[in-house]
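S.K.: Each chain is listed here by its residues.
Protein chains: 2
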Amino acid sequence: MNRYTLESLKSFTKDVLMAMGSSEESATLAAKVLLSADIRGIDSHGVARLSGYVRLWEAGRINATPILKIIHETPTTAVIDGDGGLGLVVAPYAMQVAMEKAETYGTGWVSVKNSNHYGIAGYHAMLPLEKDMIGMSMTNASPLVAPTFSKSRMLGTNPISVAIPAKTEPAFVADMATTTTANGKLEVLQRKEEDAPNGWIQDKDGKPTQNAYGVKEGGALLPLGGNRVQGSHKGYALSSIVDIFSAVLSGANYGPWVPPFVSFLSPPENPVGEGIGHFLGAMRVDAFRPKEDFLNHMDNWIKTFRSAETVDGEEKVLIPGDPEREMETIRTKNGIPLLSPVENDLKGLAEKFSINFPTHII
Amino acid sequence: MNRYTLESLKSFTKDVLMAMGSSEESATLAAKVLLSADIRGIDSHGVARLSGYVRLWEAGRINATPILKIIHETPTTAVIDGDGGLGLVVAPYAMQVAMEKAETYGTGWVSVKNSNHYGIAGYHAMLPLEKDMIGMSMTNASPLVAPTFSKSRMLGTNPISVAIPAKTEPAFVADMATTTTANGKLEVLQRKEEDAPNGWIQDKDGKPTQNAYGVKEGGALLPLGGNRVQGSHKGYALSSIVDIFSAVLSGANYGPWVPPFVSFLSPPENPVGEGIGHFLGAMRVDAFRPKEDFLNHMDNWIKTFRSAETVDGEEKVLIPGDPEREMETIRTKNGIPLLSPVENDLKGLAEKFSINFPTHII
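For the protein sequence lines, the chains are A and B, in the order given. Residue 354 in the working numbering sits at position 354 of the first sequence; the count goes up by one each step and never skips. If you want the working numbering, it's the position in the second sequence, counting the first as 1, plus 1000.
Accuracy of the hints is not assured; some may be wrong.
[Said to hold, decoys possible] Keeping only pairs whose Cα atoms sit at most 20 angstroms apart, straight-line, the calculated SDA-like set for lysine to any residue is:
1. B:Lys-1069 - B:Gly-1041
2. A:Lys-185 - B:Val-1311
3. A:Lys-167 - A:Asp-299
4. B:Lys-1185 - A:His-233
5. B:Lys-1204 - A:Arg-61
6. A:Lys-32 - A:Glu-309
7. A:Lys-316 - B:Pro-1256
8. A:Lys-333 - A:Asp-322
9. B:Lys-1316 - A:Asp-299
10. B:Lys-1069 - B:Ile-1039
11. A:Lys-131 - B:Thr-1074
12. B:Lys-1291 - A:Gly-273
13. A:Lys-291 - B:Val-1272
14. A:Lys-207 - B:Pro-1268
15. A:Lys-207 - B:Gln-1096
16. A:Lys-316 - B:Arg-1228
17. A:Lys-333 - A:Ser-8
18. B:Lys-1291 - A:Asn-227
19. A:Lys-192 - A:Asn-211
20. B:Lys-1291 - B:Leu-1189
21. A:Lys-69 - A:Tyr-93
22. A:Lys-204 - B:Lys-1207
23. B:Lys-1291 - A:Lys-192
24. B:Lys-1204 - B:Lys-1167
25. B:Lys-1333 - B:Gln-1096
26. B:Lys-1216 - B:His-1233
27. A:Lys-352 - A:Arg-61
28. B:Lys-1303 - A:Gly-273
29. B:Lys-1207 - A:Lys-69
30. B:Lys-1167 - B:Arg-1228
31. B:Lys-1167 - B:Glu-1309
32. A:Lys-207 - B:Asp-1312
33. B:Lys-1207 - A:Gly-313
These aren't lab readings, by the way, just hints derived from the structure by calculation.
One chain only, chain A, in its complex shape (with noise of 0.2 angstroms):
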């Protein structure tokens, strides 16, 4: 696989946004959210997605010059009406609300609607940490998941992320679907012509499969648990209190109509609100007790969990965010491998707007 540098994708994403209408501000923004996906390994959500972009674009469902509004506040809360613009920069703005509500009291919580996919939940969530306050991030998304019991997709990949400063030790980040696993994962599964373990998916008829495809053929993505019996309704209750304070908060799409992100599926007739929508929360550490007592207990809870003891053949006990943050070591150093087919088709991209596309690393 070809080798790029992260800074010559942002500004290959950023060039492309523009050619949309995008203002250089708004690209900006929205090719550094993009791009803080492949940096930390996370390759589903990141410059692969460009083109979906796109075509969503093209199909009159991006706006790529959105007048962001606040729509409904109280000193603690907003609702955000994105004007369907992209959710990578939309998120950034009603996280930027969110913290300046907890600035001065404490706390501050934004539900948005008429927005687009935002990229990893963990970017968004991980703002607060420089202002030591604690980000929460959540989105509704497509549906692809079965409720437990049920046949039918009712419910996207629903992720919740949650960003805890410390003192020495980097940040808890969690960032996780509700889903047993991400539907990345199949596909990569698919390319290596390999069965899916069991608890990840089910068939048409709703009963579990180990077909890859799968999903494709018309099945679902479970909650986390992936059976009844191993706690498949409590994924199942996760993914839907993030699409209540996604979209029933909000005024945006909830549970089957939300719109599909890819643009040769239509959105479904008869919406129940607007676009997608998404949850963000900020809370300042020191609205709960002195800034200084927090952190240093954050750095002994991580120092302590990561020192546990493990199972035989485990190296160590992970901290949520560590994987992420090795890769972005690796990656930085390195450079961020691009699939061939998502190479071919970023330099279609390229080549439709008649913008460079950058040189991979030698």
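For this one, chain A is given, so just place chain B on it according to the hints.
M.R.: Then chain B, alone, in the frame of chain A:
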């Protein structure tokens, strides 16, 4: 099994707590909270625990006459010192504080230290419902759960509950341990001499086991997901978030320092905080959008999911809270059944404190 009316067990519990020295007001509240578990079918968290509370009180580890204090606050946040009191009393007070803040500022968030076991998480999360607020409740608990890749018990079953009001539909009430299963379900299997399903527990070496006594023999419960391939790192992250919000924010004990619920095990030496911790939150739905809009869409959300197509052999798709509500209807009519060991245990308390034990339903 003998069955008892809710009122008779509530009254008995109140008498026991007053014999421990609780005020009538505190004892009445604590009995109500404790029995809310039994009436909803969560027997592991109800009156069966009463003698455990008494033993902790005898060991000087529960204060029957706590003075609850707000020790830190902002407009939307507070930390409460539970003064070693029953969590059954401390948590409703904390939620009251959260709701008052939400009334004025849109949301309220309270972290609690120096508390004890608080019964079912769902009771506390449901308190804001009557004011058309969303309620959230979580607590840490004695370490019985191993992080992914570890053989050590580092976390409790650390439940999360979220309650969301609707209009004509009953509320959405998720109330879930962040483990695959609850410890109480292992006790059921032990009585039946049955094996545990895969993904519930590991043995003392951290290997998966189906031995229902695995935890008693030095093993651990597993985080939701069960193993790494099926997402246990997500359950581990969720449980960690509960631990940090409940205890690192408040100054309670966290991780392996959480004191055990059983009086025959001593609390760890060199504690990192005081008692156990809870985290409670309330958000006014009209802090986000007009109340009627929210409630109507919530009704639609619930109806849509409840009528989702089922897999063969399942009668319907459940909404979080449905099973407990159905059990409440049945037990309100037929009474609460007590296993004979529980019944004998309670009769022992009646004798100890010279209190009348109620007559069962004929």
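S.K.: So, for every hint listed, does it hold in this structure?
M.R.: Verification of the supplied hints:
With a C-alpha separation of about 33 angstroms, the suggested pair Lys-1069 of chain B and Gly-1041 of chain B falls outside the 20 angstroms cut-off, and the hint is violated. For a cut-off of 20 angstroms, the pair hint linking Lys-185 of chain A to Val-1311 of chain B is broken: about 25 angstroms separates their Cα positions. The straight-line distance between the Cα atoms of Lys-167 of chain A and Asp-299 of chain A is roughly 6 angstroms, inside the 20 angstroms bound, and the hint therefore holds. This hinted pair checks out: Lys-1185 of chain B and His-233 of chain A have alpha carbons roughly 16 angstroms apart, not beyond 20 angstroms.
With a C-alpha separation of about 54 angstroms, the suggested pair Lys-1204 of chain B and Arg-61 of chain A falls outside the 20 angstroms cut-off, and the hint is violated. The hinted pair formed by Lys-32 of chain A and Glu-309 of chain A fails the criterion: a straight-line CA distance of about 38 angstroms is larger than 20 angstroms. The straight-line distance between the Cα atoms of Lys-316 of chain A and Pro-1256 of chain B is roughly 17 angstroms, inside the 20 angstroms bound, and the hint therefore holds. In summary, the hint linking Lys-333 of chain A to Asp-322 of chain A is supported, as the alpha carbons are separated by about 17 angstroms, within the 20 angstroms threshold.
In summary, the hint linking Lys-1316 of chain B to Asp-299 of chain A is not supported, as the alpha carbons are separated by about 46 angstroms, beyond the 20 angstroms threshold. For the hint linking Lys-1069 of chain B to Ile-1039 of chain B, the alpha-carbon distance of about 31 angstroms lies beyond 20 angstroms, and the restraint is violated. Note on Lys-131 of chain A and Thr-1074 of chain B: the hinted pairing holds, with a Cα-Cα distance of about 17 angstroms set against a maximum of 20 angstroms. Of the pairs offered as hints, the one joining Lys-1291 of chain B and Gly-273 of chain A holds, with about 16 angstroms between alpha carbons and a cut-off of 20 angstroms not exceeded.
Between Lys-291 of chain A and Val-1272 of chain B the CA atoms are separated by roughly 16 angstroms; this keeps the pair inside 20 angstroms, and the hint holds. For the suggested pair Lys-207 of chain A and Pro-1268 of chain B, the alpha carbons sit about 47 angstroms apart, so the restraint of at most 20 angstroms is broken. Distance restraint check for Lys-207 of chain A and Gln-1096 of chain B: the Cα-Cα separation of roughly 45 angstroms exceeds the 20 angstroms cut-off, and the hinted pair is therefore not satisfied. Taking the CA atoms of Lys-316 of chain A and Arg-1228 of chain B, the gap is near 14 angstroms; set against the 20 angstroms cutoff, the hint holds.
Between the alpha carbons of Lys-333 of chain A and Ser-8 of chain A the distance comes to roughly 14 angstroms, so the proposed pair stays at or under 20 angstroms and holds. A hinted pair counts as satisfied when its Cα atoms are at most 20 angstroms apart, and Lys-1291 of chain B with Asn-227 of chain A does not qualify at roughly 35 angstroms. Restraint check for Lys-192 of chain A and Asn-211 of chain A: satisfied, since their Cα atoms lie roughly 13 angstroms apart, inside the 20 angstroms limit. For the suggested pair Lys-1291 of chain B and Leu-1189 of chain B, the alpha carbons sit about 45 angstroms apart, so the restraint of at most 20 angstroms is broken.
The suggested pairing of Lys-69 of chain A with Tyr-93 of chain A holds, with an alpha-carbon distance near 10 angstroms, which does not exceed 20 angstroms. Restraint check: the Cα-Cα separation between Lys-204 of chain A and Lys-1207 of chain B comes to about 34 angstroms, which exceeds 20 angstroms; the hinted pair is violated. Distance hint between Lys-1291 of chain B and Lys-192 of chain A is unfulfilled; the C-alpha atoms sit about 50 angstroms from each other, more than 20 angstroms. A threshold of 20 angstroms between alpha carbons decides the hint, and for Lys-1204 of chain B with Lys-1167 of chain B the separation of about 49 angstroms lies outside it, so the pair is violated.
At roughly 31 angstroms between alpha-carbon atoms, Lys-1333 of chain B and Gln-1096 of chain B are farther apart than 20 angstroms, so this suggested pair is violated. For the suggested pair Lys-1216 of chain B and His-1233 of chain B, the alpha carbons sit about 23 angstroms apart, so the restraint of at most 20 angstroms is broken. At roughly 19 angstroms between alpha-carbon atoms, Lys-352 of chain A and Arg-61 of chain A fall within 20 angstroms of each other, so this suggested pair holds. Between Lys-1303 of chain B and Gly-273 of chain A the CA atoms are separated by roughly 16 angstroms; this keeps the pair inside 20 angstroms, and the hint holds.
Between the alpha carbons of Lys-1207 of chain B and Lys-69 of chain A the distance comes to roughly 53 angstroms, so the proposed pair goes past 20 angstroms and is violated. As the CA atoms of Lys-1167 of chain B and Arg-1228 of chain B are separated by approximately 40 angstroms, the hinted pair breaks the 20 angstroms bound. Note on Lys-1167 of chain B and Glu-1309 of chain B: the hinted pairing is violated, with a Cα-Cα distance of about 23 angstroms set against a maximum of 20 angstroms. In summary, the hint linking Lys-207 of chain A to Asp-1312 of chain B is supported, as the alpha carbons are separated by about 9 angstroms, within the 20 angstroms threshold.
With a C-alpha separation of about 11 angstroms, the suggested pair Lys-1207 of chain B and Gly-313 of chain A falls inside the 20 angstroms cut-off, and the hint holds.
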